[in-house]
Every structure is written in C-alpha cells, then in structure tokens.
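Chains as they are written, first to last, in the numbering used here: chain V, 1 to 328; chain X, 1001 to 1343.
Just so you know, the hints here were simulated from the structure itself, not pulled from any lab data. Among the hints, erroneous ones may be present.
[To be verified] From chain V, some residues computed to sit far from chain X (all C-beta separations above 12 Å):
1. Tyr38
2. Ser226
3. Lys254
4. Pro266
5. Tyr285
6. Leu286
7. Asp297
8. Val298
9. Pro314
[As the list claims (entries may be wrong)] Capping the alpha-carbon separation at 25 Å, the derived lysine to aspartate or glutamate pairs in DMTMM-like fashion look like this:
10. X:Lys1271 - X:Glu1033
11. X:Lys1174 - X:Asp1236
12. X:Lys1310 - X:Glu1320
13. V:Lys319 - V:Asp287
14. X:Lys1319 - V:Asp165
15. X:Lys1174 - V:Asp55
16. X:Lys1204 - V:Asp92
17. X:Lys1174 - V:Glu51
18. X:Lys1141 - V:Asp46
19. V:Lys253 - V:Glu202
20. X:Lys1144 - V:Glu51
21. X:Lys1141 - V:Glu30
22. X:Lys1141 - V:Glu51
23. X:Lys1144 - V:Asp46
24. X:Lys1141 - V:Asp55
25. V:Lys327 - V:Glu231
26. X:Lys1199 - X:Asp1219
27. X:Lys1204 - X:Glu1193
28. V:Lys254 - V:Asp287
29. X:Lys1144 - V:Asp165
30. V:Lys253 - V:Asp323
31. X:Lys1141 - V:Glu19
32. X:Lys1141 - V:Asp165
33. X:Lys1229 - X:Glu1155
34. X:Lys1229 - X:Asp1200
35. X:Lys1204 - V:Asp55
36. V:Lys39 - V:Glu188
37. X:Lys1144 - V:Asp21
38. X:Lys1273 - X:Glu1155
Every residue, glycine too, gets a C-beta built ideally from N, C-alpha and C.
Here's the letter readout for the chains.
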Amino acid sequence: MREITYRDALKEAMAEEMERDPRVFVMGEEVGHYQGAYKVTRGLLDQFGAERVIDTPIAEAGFAGVGVGAAMTGLRPIIEFMTWNFSFVAFDQIVNNAAKMYQMSAGQYPVPIVFRGPNASARQVGAQHSHAVEPFYCNVPGLAVVYPSTPRDAKGLLKTSIRDDNPVVFLEGETLYNVKGDVPDAGEDETIPLGQARVVREGRHVTVVTWGRPFYTVLEVANRLSGEGIEIEVIDPRSLRPLDTDTIVQSVKKTNRCVVVHEHWPYGGPGAEIVDRVTRDAFDYLDAPILRATNLDVPMPYALHLENKVIVGPDRIEKTIRDVLYKS
Amino acid sequence: MGSLDMQPGEAPAARDELARMFHSMQLIRRIEEEAARAYVQGKIGGFLHLYIGQEAIAVGVEAAIRKTDWIITTYRDHGFALTRGTSARGVMAELFGKDAGCARGLGGSMHMFDGPNRFLGGHGIVGGHCSLAAGVGFRCKYLKNDEVVLCFFGEGATNIGGFHEGLSLAGLWKLPVVFVCENNMYSMGTPLERTLPAKDITDKAPGYGMARDRFEGQDVIEVRDRIAKAVARARDGEGPTLIEILTYRFRGHSMSDPGKYRTSEEVEERKRKGDPVRIARQRLLEAGASEDDVARIEAQVEEEVADAVKFADESEPAKESSMLDYVLARTTSGDGPREGGGA
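Sequences and hints are given; from them, build the entire structure.
Laid out in structure tokens, this is it:
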C-alpha cells in the first residue's frame, strides 16, 4: 500500500487495463496532448500513443456514439466527458443506444463501454458546470452507475468497469481528484465488484448512506457527534446501480434509523430509491422516518455564499441526523 | 446474396447475378406486401415502415460489398436484413413478435439485427446511428483490417446533430465509412423543399472533408457500380464518402400514413417510370432469361413468402425470459450477471 490521489488511482486503473487488453482505448476532449482537462489521463499518450489515446473535437454526441459503435463491434472504449454536465448532449447515445442495444438486439450486440468524467459541483462554476447527474442514469435499465468516493475504490471499481461487458456510467467527484488515500501497489490488480456497498464506519445510533463529496463531510460530522456519544454507521454504496440493498438494510435493522446524504437534487433519483427500499425491507425496524440531506432544489448559483447554501454541508447533515434521532 | 467479387464499376451484369438480384428484390417486395396485409389483420403491431420502391438500393449495395463489411440503417430496415442474409422466416417472425425472429421479438419492425451477418440494426433515433457507424469505422481502422461500414439514412435525418457529428468525426479521422442518404423526397409527410436548406445533400460533403456522389437509385446495377467505387475508396484508406441516392417510396411513411401529401398522379408516374423491381426484371430478360425463367423465380419467391408467413404464424411468442436475460451481458470479470431486469 501507498498513498496516492484519487486522480492518479484512476489513471493507474486505465493504464493497467490498457496494458492488459489491447482492445481498451481512451477517447475524449483533450485527453491526449493536453494530458486531460483534470489531468486524469496524464502520461497515457506517451505510454500508449495517439492510436489509443484519442483527442476529439467538441462533439460529445459524436464521440460517445463512436464509442458505442466501437464497443458493439468488439473494442472496449473509455469515453471521457470533460464534465458529466456535457453528457446531456450525448444522452441519446448513452440511453437510446448504449443501454438498450444489448436487449434490443436480443444479445447479439453487447456494449462494453465506460463513460467517465467529473461529476457534481466544483467551486463557483455556475449552473451548467455543477450538475450531479446520477438520477438520470440510475433510471435506465442496461446501465451500471458507479461513483467511487475514495482513491482505492476509484481504482478497483474502474478496473472492474472496464472489464464489464455492459455500459458503465462512471462518476468521479470533481472535488475529489486531489484526495489522497491508501491504494494497493501498482500492478497489484485489485478489482472491486460492482454492487457491493462498504461499511466505512461502524455505529449503533443511525445509518447514514452517502457517496461522492458528501462522503467526507459525513465522516467529519460523524467524528464530531461521536464526542457527544452519537455513533453513526456510514455506508458508501460505491455503485448506485446495481445497488447493494442488503448491506444498507442490515445496518438499518441494527441502528433503526437512516439518513441518506447526496449532492443530486432531491426529486427522485438514487436517494429516493434507497428510502423506498429501506422502507420496504426494514419498515418494522424503523424508529423514525428516513430523511434525506441533499442539495437545494435550484440550479447552482455562482455567488459563493449562495453556492454554500445550496451544497449539502455539515450543518444540514448534522441537523438531519439530529432530526431522525429526535435530538434537535 | 453475397460477395460477387466484381471489379467496381466495370463488370457487366451477368445473367446469374441479375437473376439473384431480381430474386432478392422480388423477395423484399413480396415480404413487405404480405407484412402490410398482416399489419391490417393485426398480426403486426406498432410502426411498420415499408421499403417498397427503394429495393434496388439494398440489393445493389449488397452486390458491391463483402460479407465481412458492416451495414447499419434506420428503422426502414427489412430490406437490409434480407440482403444481409436474414431469412424471410426470421424477418417475418420478428414482425410478428415471435421468439424465432431475428431479434427474438424484442426489436420488431424498426429494430432488426443480425449479428452473424454483420447487420448492425435498424435504428429509431435517425442520425444518432451515423455516430455508431463512425464508431464501427473507427474499430476497423483500429484493428487495421480492410472492412468497410455502410450507413443508411433518409434525407430527413440529415438535419439532426447526430448526422453532423458522425460525419464530422468520420471525415476528420478518414474512417472507412460510406454514408448513404436514401432520398425518397419526403421526410415523413414533409417534402424536402420544406425540410432542407440545400437541394443537394452532397453539398455538405466538402465540409466534412469527404468525397461525394449523387445518382438515381432505381436501377440495381447502377447502384452496385456507384457504391462499389465509394467502397473501394474506403477500403483503400482514402476515407469516407457521402452519397445521395435519389429514390421514391411507393407507400406512405408508415402504415399509419395514407400519404395524402402526394397526388396519386405523382405516385403513379413514379411507379410507371421507376419501379426498381420491374426494371430488374426487364434487365434479366434482356440478358437472355426467358419469361419462364422469370416466372420460376417469382414462384420460388411466392413459396418462400408463404412459408415465412406460415412459420411466423405458428412460431412461439417472444419469451419473457429473453426480455429479462438480455438487459445485461455476462461480465468478463467472473462475477456473473449483475442485477437483472426488474431489480
């Protein structure tokens, strides 16, 4: 083990998979000569050449479609969106083509492709660069939606996603690229299966399910509340579809309370899905309604003080936890 | 149908080849006429877009390419499935929503697929599939083989963004793709002068840095020879071509469209002058076949069509297990299938 950044963990996963399988290539805006808008692909061009690290024009629908066509005929593309906000212009390719092709063709054309890039908000980048997109893609059968919160998960889950025979929407937290953490040594080939949540912190009073940037805020809050004798169990689903309901439900059966914390808008989406599943499978164990702490239901404003209000932060998380504990 | 190993643009049509082409065109025509009848009887549901009037294109194209080349098209796709090698039974059973269909009844009229025959399907979001075609072309270039991709669409699709981006990338990277616009003059019910800012679609080609060609597509031999030239260019690494084939559909846009936006005089005139099946029949006679030879082919087709309808009628319905099993492919990571449909 050594400590590396989330960014480098992702890069290592791609490099190792490209080394292992000549069918794997990376395509996107500025992934090659510029070394990646967020430097996630830094060094790949030198290592693998321009035939496998391919710079594209600004044409998301086009290069996403190129990826799908290549995947249908046997290659294993990694398509980078400079930000997931831009994926909406490629939505047709991801939803109508990548996700539906295998079933529509009765299994004749699988689509082994990974779409990846930074998701959710950074700092003061306004409404069109701050979108958490997971509800849109979680709604679609045929897609996996993966969202690692730590460097180790980033590497292990990306390796699995590249080897998967299905389209994977791989969301990276835009503010997580510099986060450092323990990752097995290069070449150790740790893969992490999709659909297995991780109990990150054990506790007995309330289960908090969270991913992405709020994952770190929740841990902060959990440490603080521990001082008051409130022990929070933190669960990171790691993949939002497939979703590991069992691990979450088992935890709620122990703690009897549940909070879901996420950066996507509150209406629908995986947050609401988790509430539904826990209600269905652990209703008799609940001592309080399940609550969610989410971003506010508005497009992201530019002004910093307003942005701070919109993004789910420690205060809202702590208040929500106190609310389900009836300790406000 | 299959590769005929002709030199592009040169080979005279041999009688045997004309006989095969006539057979194929007649089969497409008759399968679709029977499909229209079955649609009215309620055996086929949803949308049904017929290719009647445009048969020379699919058949001419197939004569110009190899089995190892790829074809992708829009939802007017029955003709291409048949020319690629899908059986009449497989096509009819798919239309009837049966398990024996070429997409096990999951795709229907608009989404026929044939993996082994390299038919990449009929696609409902027209233009988006132009990017898929570029992707398949990318794959051929990546693997350094000499396979070529042919991408078909109507003139109505040339306004959508997917068309632009697909052609733009194919031109930029000199991918081995032949983009073929089957211009049948009507984008659904709207004539092209009300949908297209340009009269000549191939005027767009220079903007994508690609070669172009434009011709009438009612004569199967003309189609074969002109397509062959573009295919040869793509195979030789000279990049994509945008072709506009001027044609005409004899029916409405789909079965729900009575086609009132065209006068019956216009339609009759086009049928009289430009019925591709009749032109192929005439060519076959001129090449030395007798009326009896032609009648034998027609009788063969009748048998094949009747057999296909009977087969489709009697086949098992599409299975619930297919619907669920094909949501996700088995992963290669050794974890087996993940969460399936309905989870």
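Hint by hint, here is what the structure shows:
Residue placement check: Tyr38 (chain V) keeps its beta carbon more than 12 Å from all beta carbons of chain X (closest about 23 Å). With 12 Å as the threshold on Cβ separation, the claim that Ser226 (chain V) sits away from chain X holds: the shortest Cβ distance comes to roughly 34 Å. Distance check on Lys254 (chain V): its Cβ is at least 24 Å (rounded) from any Cβ of chain X, clearing the 12 Å threshold; non-interface status holds. Consistency note on Pro266 (chain V): stated as away from chain X, and its beta-carbon is indeed over 12 Å from all of that chain's, at 24 Å minimum.
Look at Tyr285 (chain V): its CB is around 22 Å from the nearest CB on chain X, clear of 12 Å, so calling it non-interface holds up. At roughly 23 Å from the closest C-beta of chain X, the C-beta of Leu286 (chain V) stays outside 12 Å, upholding its exclusion from the interface. No beta-carbon of chain X is positioned within 12 Å of the beta-carbon of Asp297 (chain V); the least distance is around 28 Å. The beta carbon of Val298 (chain V) sits about 29 Å from the closest Cβ of chain X, which is more than 12 Å, so the claim that it is off the interface holds.
Non-interface call for Pro314 (chain V) relative to chain X: holds, since the shortest CB-CB distance, roughly 33 Å, exceeds 12 Å. Annotation: proposed proximity of Lys1271 (chain X) to Glu1033 (chain X) holds, straight-line Cα distance about 15 Å (limit 25 Å). For the suggested pair Lys1174 (chain X) and Asp1236 (chain X), the alpha carbons sit about 11 Å apart, so the restraint of at most 25 Å is met. Between Lys1310 (chain X) and Glu1320 (chain X), the direct Cα distance comes to roughly 23 Å. Compliance with the 25 Å bound is thereby established for this hinted pair.
This hinted pair checks out: Lys319 (chain V) and Asp287 (chain V) have alpha carbons roughly 17 Å apart, not beyond 25 Å. Only pairs whose Cα atoms come within 25 Å are accepted, and Lys1319 (chain X) paired with Asp165 (chain V) is accepted, the gap being roughly 23 Å. Distance restraint check for Lys1174 (chain X) and Asp55 (chain V): the Cα-Cα separation of roughly 15 Å lies within the 25 Å cut-off, and the hinted pair is therefore satisfied. The hinted pair formed by Lys1204 (chain X) and Asp92 (chain V) meets the criterion: a straight-line CA distance of about 23 Å does not exceed 25 Å.
The straight-line distance between the Cα atoms of Lys1174 (chain X) and Glu51 (chain V) is roughly 13 Å, inside the 25 Å bound, and the hint therefore holds. Our distance criterion of 25 Å between C-alpha atoms is met by Lys1141 (chain X) and Asp46 (chain V), whose separation comes to about 21 Å. With a C-alpha separation of about 13 Å, the suggested pairing of Lys253 (chain V) with Glu202 (chain V) holds against the 25 Å cut-off. Restraint check for Lys1144 (chain X) and Glu51 (chain V): satisfied, since their Cα atoms lie roughly 11 Å apart, inside the 25 Å limit.
This hinted pair checks out: Lys1141 (chain X) and Glu30 (chain V) have alpha carbons roughly 21 Å apart, not beyond 25 Å. Using a Cα cut-off of 25 Å, the hinted pair Lys1141 (chain X) and Glu51 (chain V) holds, with the two alpha carbons roughly 10 Å apart. Of the supplied pair hints, the one linking Lys1144 (chain X) and Asp46 (chain V) holds, its CA atoms being roughly 21 Å apart against a limit of 25 Å. Restraint check for Lys1141 (chain X) and Asp55 (chain V): satisfied, since their Cα atoms lie roughly 16 Å apart, inside the 25 Å limit.
Among the hinted pairs, Lys327 (chain V) with Glu231 (chain V) is consistent with the structure: their alpha-carbon atoms are about 13 Å apart, no more than 25 Å. At roughly 22 Å between alpha-carbon atoms, Lys1199 (chain X) and Asp1219 (chain X) fall within 25 Å of each other, so this suggested pair holds. For the hint pairing Lys1204 (chain X) with Glu1193 (chain X), the CA-to-CA distance comes to about 16 Å; that is within 25 Å, so the pair holds. Taking the CA atoms of Lys254 (chain V) and Asp287 (chain V), the gap is near 11 Å; set against the 25 Å cutoff, the hint holds.
Simply put, Lys1144 (chain X) and Asp165 (chain V) have alpha-carbon atoms about 23 Å apart, close enough for the 25 Å limit, and the pair holds. With a C-alpha separation of about 19 Å, the suggested pairing of Lys253 (chain V) with Asp323 (chain V) holds against the 25 Å cut-off. Taken as a hint, the Lys1141 (chain X) and Glu19 (chain V) pair is honoured in the structure, with Cα atoms around 20 Å apart against an allowance of 25 Å. Under the criterion of a C-alpha separation no larger than 25 Å, the hint pairing Lys1141 (chain X) with Asp165 (chain V) is consistent with the structure, at around 22 Å.
For a cut-off of 25 Å, the pair hint linking Lys1229 (chain X) to Glu1155 (chain X) stands: about 22 Å separates their Cα positions. With a CA separation close to 20 Å, the supplied pair Lys1229 (chain X) and Asp1200 (chain X) stays within the 25 Å bound. With a C-alpha separation of about 24 Å, the suggested pairing of Lys1204 (chain X) with Asp55 (chain V) holds against the 25 Å cut-off. Among the hinted pairs, Lys39 (chain V) with Glu188 (chain V) is consistent with the structure: their alpha-carbon atoms are about 23 Å apart, no more than 25 Å.
Note on Lys1144 (chain X) and Asp21 (chain V): the hinted pairing holds, with a Cα-Cα distance of about 16 Å set against a maximum of 25 Å. Proposed proximity of Lys1273 (chain X) and Glu1155 (chain X) is supported: the alpha carbons are some 22 Å apart, at most 25 Å.
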